[in-house]
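Here the protein sequences line up with chains C and L, keeping their order.
Heads up: the first sequence begins at 6 in my numbering, then just goes up one per residue.
Heads up: the second sequence begins at 542 in my numbering, then just goes up one per residue.
Hints are computed from structural coordinates only; laboratory data are not their basis.
Every residue, glycine too, gets a C-beta built ideally from N, C-alpha and C.
Honestly, I wouldn't trust all of these hints.
[Said to hold, decoys possible] Which chain C residues stay away from chain L? Per the calculated CB distances, all over 10 Å, these:
id, residue
1, W14
2, D16
3, V20
4, L23
5, K63
6, C73
7, G85
8, E86
9, P97
10, V101
11, E104
12, A105
13, Q111
[To be verified] Short derived list, chain L residues pointing at chain C, Cβ under 8 Å:
id, residue
14, H654
15, S655
16, A660
17, A946
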Amino acid sequence: MTAETEERWADVADVADLGPTGRHVCELDGRSILLCRTGGDILAVSNRCTHLGQPLEKGRIMSGRIYCPHHSACFDLRTGEAMSGPAVTRLPCYAVRVEAGRVWIQAQ
Amino acid sequence: MTDIQFDYRQGFQVYPGGRSGPTGEKAPYIDYGTTPPDKTRYYSKEEADLEWQHMWMKTWAFAGLMCDIPEVGDWLRYNLGKESFVIVRTGTGPEDIKGFYNVCAHRGNRLVHSDFGHAATGCFTCDFHGWKYNLDGSNKEIRDEIIFRPETVCDRPGMVEVSVGVWNSWIWLNPDPNPRLTLLEHLDVMPEHLKDYDFSRLRVLRDLEVCWDANWKTALDAFIEFYHADDVHPEAIPVSEMLECQYDLYGNGLSRMIIPIGYVTSRFEDRDTVNEALKMFVQVYGGNPDDYSHLKGYEYKQAMTDTKRKWGKKHGYDFFDKLTDDQVVDDWNYSPFPNMTINVFADSVLLQMFRPHPTDPSKSYYNAITLCLPVSDDITPVLDPNAFGPESFGPPGWKGDERPARFIPQKLEEFGYLLAQDARRVPEVQLGIESECFVGARLSESEIRIRHYLAEIDRCIGRLPR
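Chain C extracted, bound-state conformation:
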């Protein structure tokens, strides 16, 4: 990865950090980001439900969706779309690259 692209991407975690749960919370520019493994991919989304800002990290992940454990808002992990429940705003998503066992996400 070149120096120029390093300015736009951030090394946030090791793949191993996702562990058996398949998820890991990291920080980027003061924002809490949730990394999660689903369908063989690692995805990155904001760790704050767009309903009331509650953390999503303990939410249930099924079929490429995450269900907020607080009021059951449901988001598509790839697009951030609010699928059902009280949330109406899209969940911010981040592009992810995995290189040499490290997880990089694109800073917004």
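Position chain L relative to chain C; hints supplied.
Coordinates of chain L only, in the frame set by chain C:
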């Protein structure tokens, strides 16, 4: 086609001499007569209201799978008509679940809004005013309780509990907190018949739900007889029995049909030649048709039995050893009252549920869940029971780890080929039933399961004595 004798009192007995044991035996005939059922049952609001009051609110119905709520705090939503329920895992035991109305006691908001979820905070929280409920349904917190006059909430309003039960890892729910029958009583002989199957090892391959323009009974009727198969599923003619299926009636509205599979049937003059569809059926399960070249078409089921037993061993399913040869190959289709069909194959199961629409008796909800046994390696394809021929090959090395979302098919082909063939007809039949010219269904004895569950509805409503 060879001459076939049929005595309606005897029916077709697919396993002569009791070769598949007592569970495969033909059940005694019940004479329901020949009068067409009242067609208004399939569209009148009055009938729908009677069903709701006397049956739906007091009967066990399939609600979900234990494999969908594996951890304490996991929950699933079950909608039935105008009601919504939530079923939550409360402990680590195989039946540690509770069921509640999905209604906040404060102002009636729905507590959960999606099909699945997890109460990570150990409680349900209403997103309207923040009331919290423990997993046992009791009230945990009334936010700003000081603003309530004590008598308004002194009873500590909680979630309203309903009856839930588990059989072989499947969940049933009865809105009646004091049901007339236990779940096992309600299921009559089905648990005994299927005791050698381990359904907890199945995983969801497909889960679809659609609202279609047909009464729930119109849809159910399409799936509890095989008389339609020649016309609706012609691809199955080379490999499946069509006419000589066995229809059995049991207690509490339960019924069954057995569809023998894997040989050249009486539909063909030449029953000796093995057709290509049968050979492909063997190949699909990893067998080599050349190994069975000594078999005639009418006896080719032996090839399927042998191949599927080897498949079961290869992938670690010891319970196949407990199944009869017929159970390894044939389709044993059970229909627990009131609204479900279960196509039981050794390696896959198709669950179909037919649920009433909240307001319109000419509409209903259809939910089809395809369950398969995962394969043990990375190259064997899982077999999709909803497809024919090469399209029945599913993903190689399928383990069922990623539970697919419940989806609403937008196009007919998204049902899967087999179900699409049935789905196309269902709304058409509803239109014809509601026609002025239609006097009611003239039912054959192969359609007797229809009369059987209608009679059980009549017992629920009080039109027939128990």
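Hint check:
1. W14: Answer for W14 (chain C): holds, closest chain L Cβ roughly 28 Å.
2. D16: holds (28 Å)
3. V20: Non-interface label on V20 (chain C) holds, nearest chain L Cβ at 18 Å vs cutoff 10 Å.
4. L23: holds (15 Å)
5. K63: Label violated. Min Cβ-Cβ 4 Å, cutoff 10 Å.
6. C73: violated (8 Å)
7. G85: holds (16 Å)
8. E86: Fine: 13 Å to the nearest Cβ keeps E86 (chain C) off the interface.
9. P97: Consistent with the label, P97 (chain C) stays out of reach of chain L, its closest Cβ about 20 Å off (over 10 Å).
10. V101: holds (18 Å)
11. E104: Label holds. Min Cβ-Cβ 25 Å, cutoff 10 Å.
12. A105: Label holds. Min Cβ-Cβ 25 Å, cutoff 10 Å.
13. Q111: Given that every Cβ of chain L is farther than 10 Å from that of Q111 (chain C), nearest at about 25 Å, it holds.
14. H654: At 4 Å from the nearest chain C Cβ, H654 (chain L) passes the 8 Å test, so the hint holds.
15. S655: Nearest chain C Cβ about 4 Å off; hint holds.
16. A660: Holds: closest Cβ of chain C sits about 6 Å from A660 (chain L), inside 8 Å.
17. A946: holds (4 Å)
Of the numbered hints listed earlier, those contradicted by the structure are 5, 6.
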